[in-house]
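*Asks:* Combine both chains into one complex, guided by the hints.
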Amino acid sequence: MKKAGTSLAVISTLIAMGAVVGCGSGGTNNAAGTAGSAANTTVTSTGSQTGVLNVGLQADPSTLDPALSSALVDRQVMANIYDTLFALTPDGKIVPDLVKTYEVSSDGKTYTFHLQTGVKFQDGTTFDSAAVRFNLQRDMAKTSARASELNMIQSIDTPDSNTVVLHLKTPYSPLLGVLTDRAGMMVSPAAVKKYGDDYANHPVGTGPYIFESRVKGDHITVKANPNYWKGAPKIQQVTFKAFSDPNVELTNLENGAIQLADQVPAQSLSTLQQNANFVVSNTPGLGYQGVYLNTSEAPFNNQYLREAVDAAIDRQTITNVVFKGEASPAWGPFSPKSPVYDAKQDTPPAPNGDEVKKFLKEAGDPNGFTFTLQTANSPVSAEVAQIMQSMLAKYNITMKIQQLEFGTLLSNNTNHAFQASALGWSGRVDPDQNTYQFWYTNGPQNGSNFSDPTIDKLLDEARQVGDMSKRKAIYSQFMDEMHKQDPYIFIYFQNNTYAYSKNLQGFQAYPDGVFRIADMSI
Amino acid sequence: MAYVVKRLLTMIPVLLFLSMMVFSLIHLIPGDPAQIILGQDATPSAVAALRAQMGLNQPLFMQYVQWMGKLFHGNLGTSLIDHEAVMKLIGQRLPVTVELAIGTLIVALLIAFPLGILAAVYRGKWADFVALFTSTIGLAVPPFWIGIIFLLLFTVKVHLFQSSGYVPIWQNPGQNLSTMILPMVATGIREAAVLLRMLRSSLMEVVDQDFVRTARAKGLRGFVVIVGHALPNALIPVVTTAGIQIAGLLGGLVITEQIFSLPGFGQLLVQSVFSRDYTTVQGAAMVAALIVVVVNLIVDLVYGFVDPRIRLTGGRS
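Those sequence lines, one after another, are chains A and B.
Here UniProt numbering is used: the first residue of the first sequence is 1, the next is one more, and so on.
Here UniProt numbering is used: the first residue of the second sequence is 1, the next is one more, and so on.
Extracted from the complex, chain B is given alone in its bound form (with noise of 0.2 angstroms):
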């Protein structure tokens, strides 16, 4: 307990750091708001005095400590452009990114465990050379481009599955999957990838210590030695990258939600990047920056769980 404590205090200093480089990178952008909004033939006057109606011609040091001051009251503000609470726009977004990173992991870990293991249990053999090849696959080919052709083949040649009209999975499941499946196998293809190396060197290394030999001198066979008792010895790497995969994916599926055509997180960001809409850039680089800092807390209490001889303690180790 003290340690998650010690460390949700560490995540302070983080996250205020994190918020003086998002302030002050999206200010170093050239270009503004106002001239975005009033386009190519507006004048230098109108500029100015669109510009002080949106309170940009204060000093930044102001504007940041406004922004802090509402940010310690949980309001991340009225985005610039679309008028409309940042907060609104992100609870909006986020629920797509989310439902796609997980679904992208599970397909990830649905490929990435039986290949892994079939490779570690039949070292060197066909099983080994297929998991090879499939994650060398994975990594050399875009999901952008997985993304492309399984439109083509999915909703052009067979009407398999839907290309848009994306809806919340509380709203209409079946809908919901016709349209998230598509993204989520074309960018799990590539995570998986990561995943089954990482998981079969693991594997590998584990296989060659003493207690697997025990194990197999006990007559287990080598299927159950594997799974039962180097699989969980071979998993701590495999639960950090799978970490560090979930929150990379929260940002990172722009392109892939460019080409389903859903309304997500990654898009928005970037949007708001291209509009120059400082504040929902700020809010949505923030919330990003606390979901990494969560999901890592997590993954390092999950460490607890998998292998139980790490303690998580406050004090040295």
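Chain A on its own, in the form it takes in the complex (with noise of 0.2 angstroms):
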């Protein structure tokens, strides 16, 4: 009786935790009702009926709302929620899609947007004129993450439905680029009417796929949108799923749970490669890494001891060791996608010894200095940083390392409090967009604090000219300065590798890092 009573107790204790723990949900019944739905819908996806796909991806979007995203995984759900007022293709032109025709004026002041007609948003309303003006303005607000990206629009006009006018300040050539990005995903001015600040739980473009539900930190289901202007999508639904380690996002892929994945761990690169089962994407990107260092204070407000480190440290052995097949030595902004990169200009030379010592010597260090280096607290920001360390040790410079939570990182690189900081870019389309805000004085990415008239002049240029190949002149000049200032020490191009199953057809990679599961089947 008494052992009974016992593990009844126990029993008991289990039975009581669980209430008093359910009680903390009560009253939330509702949500998790609305969680329950949307997982049940991954029920039946994980089936086998065709048409059907599971994308994992490395974090979960912050936003679905393009006026509020600030990171790339955002963009690959809203990629397929959206399309853009231009396109990018794989190789990286830039082509109309909702806008059908263009022209610019000879000054380069005036760009004239013909629409495609009979586009209708997910939500029934049309797409037109006045849809642009509004998510042009929307985005130009002080409060959206692309107001800088459209701060050269003076006014729009809407001459009749089809046709948009902006007239800008001053000429400026990114602006068809960055219409390929978030500034150019047209989202429903009903919706954002409809639900306010809760728009980006309820997006709604004129895209292949219509959001459908998402559980918070787990998944985002979209379907396909079978009024699409260009012809609804092979695919019928897709599911995102965030995973917050890559070697579990890869298990995932490994036994069937994804197809795709938007990641792969340079030290798995090998071993997936030579599995049958899947296939590897792995091209070139348009960001870059490196090292910030701060113009303003000691020890790199001196010129010198930031050329000696540029000339310390040996990019390829980072790349061969830490990414394996996974990254390329930079010299500068602009990757092997780019449209200006120069093979000659923005690989690095090997490191020089002899130069290091010599501008130790000019900078009134002869026998090295002492500085702190910021960086993120990944393994792989880790082990960049660790190979520097013992790059610079050589000539007695020792580098003390700092790792930081990412948003202590970028709040201390905005405020320039820093000697070095380790933070990259993960690049746009248009060469301006890579550098001007980077390094023009009080630029708004400007972290180094650095100011140069050359550099400046040559940044206002180069995003004046309408031409690529005189552009492409003036950002080689632009390099000569920057190897000569050094305010940012380049490391290397991350590539953008991606996993998946043989199953999946018509993956293509594009050099802006986005799915576009509208081209794919299963």
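Don't read these hints as lab results, they were simulated from the structure.
The beta carbon of each residue, even a glycine, is placed where N, CA and C say it ideally should be.
Hints may be right or wrong, so weigh each one.
Okay, derived cross-link-like pairs now, BS3-like style, lysine-lysine, Cα gap no bigger than 27 angstroms in a straight line [as the list claims (entries may be wrong)]:
id : chain 1 : residue 1 : chain 2 : residue 2
1  : A       : Lys484    : A       : Lys470
2  : B       : Lys125    : B       : Lys218
3  : A       : Lys193    : B       : Lys88
4  : A       : Lys223    : B       : Lys157
5  : A       : Lys344    : A       : Lys358
6  : A       : Lys502    : B       : Lys218
7  : B       : Lys88     : A       : Lys194
8  : A       : Lys484    : A       : Lys357
9  : A       : Lys234    : A       : Lys93
10 : A       : Lys358    : A       : Lys93
11 : A       : Lys400    : A       : Lys234
12 : A       : Lys502    : A       : Lys358
One side of the interface only, derived from the structure: several residues of chain B facing chain A at Cβ under 8 angstroms [said to hold, decoys possible]:
id : residue
13 : Ile26
14 : Pro30
15 : Gln35
16 : Gly39
17 : Ser45
18 : Ala46
19 : Ala49
20 : Asp82
21 : His83
22 : Glu84
23 : Trp145
24 : Ile148
25 : Val156
26 : Ser261
27 : Ser275
*Replies:* Printed below as a string of structure tokens:
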């Protein structure tokens, strides 16, 4: 009897704990119900029915509102819900999309867009010039993450329902490139008015897939848009699942829970390439990674010390050891996919010990110096930092490593609260988007607090010239100057690396690193 | 009853103190949600404008008072990032972690009790050795490692379970268990190791006492003596440990949740800290604190059931 009493007590303890803890979520049954119904969709999607695709993402998208998005992973989902005014081809060309044809005035200050006709948003409302104006104005608002991309627009005219005329303050050649990205994604004005602040949870575009449901931190489900103006997509339903660990994402690919993964850890690349069940896509992206040096503070207010660090780093070793073929050495902000890439100028020379010693001497620190590098708290960032540390140690340059959580790293960078800060850029199609905001005096991302009249003049010139070959010549001068001044130590260009099941057809890698699921079938 | 009321009253200052701690700590971390929402290329004036829109430009004290005001009305506020009610976000995530924590504890008890009892009965013999070996392994091998090995073994090599695709248990119990069993066992092994050590040493201490010798002298079999007489007297430290474990598990399952792709409470808290979603962090931390306090109270009440000699009174004992 005593025995039974004891076990009863133990069991009742457990039940009581469960009941009490259950109360914590009481009153939110409704919410749990929503989660449930969303999850139910996943059940059907894991079945063997064709036309269903599960995609692994390296993080949970923070928002599905193009005006507020600041992460690449958001675009993986948004690119399928929204169409853009202009589109990017797999080889990096900019072509009209929701815009059918366009003209640019000879002074480069007036852009006239003739829109596609008969396009409807997924909520049934019409896509027209008023919708374009609404979107551009929304993106130009101060509290939009797009504001700096569109701040050259002076006014927007809509002479008729299919024509939009943009008047610019000054010629701005990056405009079309900007409109292939989030600033060009057209959201339904009716949906924005209906949902207000909650719009991001009810996104509506003109794109091939219609948002269906989402459980934050877990998955997002979209279904094919049967009335898509370019023809209904083949894959009927897509579920995007978030994985915070790349190895877990890979395991889910291997066991069939997902058919497409948006990242492959470098150490798994070769094994996966040998596996006949999967295809690996490993192509250069548009981004670059490196280190900001704070030019307004010791020690890096001394240009020679910046040059000494630049000459001491062996980028080839870093890409070989850490990335095993998922990155290439960088010496500029223009990746091999950029229209202004110059193999000679953007490929780093081998490290030069004599030069390093010469720079240290000229700086007045022949016996070396000490600085602290702030870097993200990820294993890859730590590995890169440690290799740099050992390369610099050869010349008595002591680099201390301070690992920070990403939000803190970003905040310190913006506030110039660092000596050296390892932070890269995911890259954009137009070269201006990879340079201007970083090195123009007081640019929004000028973490180095760098200011140089020659650089400013060249950057201004490059964004006002329309012809890409002329711009390339200007960026070449810009790079000559950057290599003298070294406000930023370029280290590597990262590749876009994906793996997918061999059953998935039609996958194409785009230089912006974003999937176009409408191209695919399974 | 008076005891329970007194305990509930003492919870108020504890929770109030915690609310201040949570609020000031999250606001002390550098970086702010406006900067994170607008991203790397935001101008300082845009960040300031968004901060004003979010109500973050008010003095911290005022923000705290407003938050507390809402809290007293049972409103945890709206997420700064997701624009959804914090209650709703927690409501979606907490059941996942609660199920995982309870399952983990059940696994732990299923491992710890038989092995702990065997170890005490066959003290210094093979069973004791097996128990000690198991608990050392359980403590030495981290759950995330066991988790990854389980994933490779049971979802890739043998398709026995699912590696992701959580559904609530009331929607589809089969699928739910298929995604939950591996994480429960992976973390349960470690918790079992802790409980097993506690139970073994507690039992061995009790076994040396007079009343156990008396029971043996009466001619009862060793097993009956242990389970019937010694075990109930050895349970107090075990119940305390289990209580601490379940409270700790509710916030400490982040890594397990990540490996098994479970949309749990721990992940919500960590993601909210990274995105500086102040309201969600505050709400989730308060709910976690409340759970710890309540679980502790329940553990204290359970003492009375386990050992009737412990009387729970409001006065001095």
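*Asks:* None of the hints should be skipped; say for each whether it holds.
*Replies:* Evaluation of the provided hints:
1. At roughly 22 angstroms between alpha-carbon atoms, A:Lys484 and A:Lys470 fall within 27 angstroms of each other, so this suggested pair holds.
2. Taken as a hint, the B:Lys125 and B:Lys218 pair is honoured in the structure, with Cα atoms around 24 angstroms apart against an allowance of 27 angstroms.
3. For a cut-off of 27 angstroms, the pair hint linking A:Lys193 to B:Lys88 stands: about 23 angstroms separates their Cα positions.
4. In summary, the hint linking A:Lys223 to B:Lys157 is not supported, as the alpha carbons are separated by about 31 angstroms, beyond the 27 angstroms threshold.
5. Taking the CA atoms of A:Lys344 and A:Lys358, the gap is about 24 angstroms. The hint holds against a cut of 27 angstroms.
6. Our distance criterion of 27 angstroms between C-alpha atoms is broken by A:Lys502 and B:Lys218, whose separation comes to about 73 angstroms.
7. Taken as a hint, the B:Lys88 and A:Lys194 pair is honoured in the structure, with Cα atoms around 21 angstroms apart against an allowance of 27 angstroms.
8. With a C-alpha separation of about 16 angstroms, the suggested pairing of A:Lys484 with A:Lys357 holds against the 27 angstroms cut-off.
9. The suggested pairing of A:Lys234 with A:Lys93 holds, with an alpha-carbon distance near 25 angstroms, which does not exceed 27 angstroms.
10. For the given pair, A:Lys358 sits about 44 angstroms from A:Lys93 by alpha-carbon distance, which is inconsistent with the 27 angstroms threshold.
11. Annotation: proposed proximity of A:Lys400 to A:Lys234 is violated, straight-line Cα distance about 53 angstroms (limit 27 angstroms).
12. Taking the CA atoms of A:Lys502 and A:Lys358, the gap is near 54 angstroms; set against the 27 angstroms cutoff, the hint is violated.
13. Restraint check, B:Ile26 versus chain A: the minimum CB separation of about 11 angstroms is more than 8 angstroms; hint violated.
14. Interface hint at B:Pro30: satisfied, since its Cβ lies 5 angstroms from the closest Cβ of chain A, which is below the 8 angstroms cut-off.
15. For B:Gln35, the interface hint holds, the least distance from its beta-carbon to any beta-carbon of chain A being 6 angstroms, beneath 8 angstroms.
16. Among the interface hints, the one on B:Gly39 holds; its C-beta lies about 2 angstroms from the nearest C-beta in chain A, closer than the 8 angstroms criterion.
17. Hint status for B:Ser45 relative to chain A: holds, with the closest Cβ pair at about 7 angstroms, below 8 angstroms.
18. Hint on B:Ala46 holds. Least Cβ distance to chain A is approximately 5 angstroms, under the 8 angstroms limit.
19. Satisfaction of the interface hint for B:Ala49 is found here, the shortest Cβ-Cβ separation to chain A being roughly 5 angstroms, below the 8 angstroms cut-off.
20. With a least beta-carbon distance of about 6 angstroms to chain A, the hint placing B:Asp82 at the interface is held under the 8 angstroms criterion.
21. Interface hint at B:His83: satisfied, since its Cβ lies 5 angstroms from the closest Cβ of chain A, which is below the 8 angstroms cut-off.
22. A distance limit of 8 angstroms between C-beta atoms decides the matter here; for B:Glu84 the minimum to chain A is near 7 angstroms, and the interface restraint holds.
23. With its C-beta approaching chain A no nearer than about 12 angstroms, B:Trp145 sits outside the 8 angstroms limit, and its interface hint is violated.
24. Taking 8 angstroms as the C-beta cut-off, the interface hint given for B:Ile148 holds, the closest approach to chain A being about 7 angstroms.
25. The closest approach between the C-beta of B:Val156 and any C-beta of chain A is roughly 5 angstroms, which is under the 8 angstroms cut-off, so the hint is satisfied.
26. Restraint check, B:Ser261 versus chain A: the minimum CB separation of about 6 angstroms is within 8 angstroms; hint holds.
27. Contact between B:Ser275 and chain A, as hinted, is supported at the beta carbon level, the nearest pair being about 6 angstroms apart and thus within 8 angstroms.
In this structure, the hints that do not hold are numbers 4, 6, 10, 11, 12, 13, 23, in rising order.
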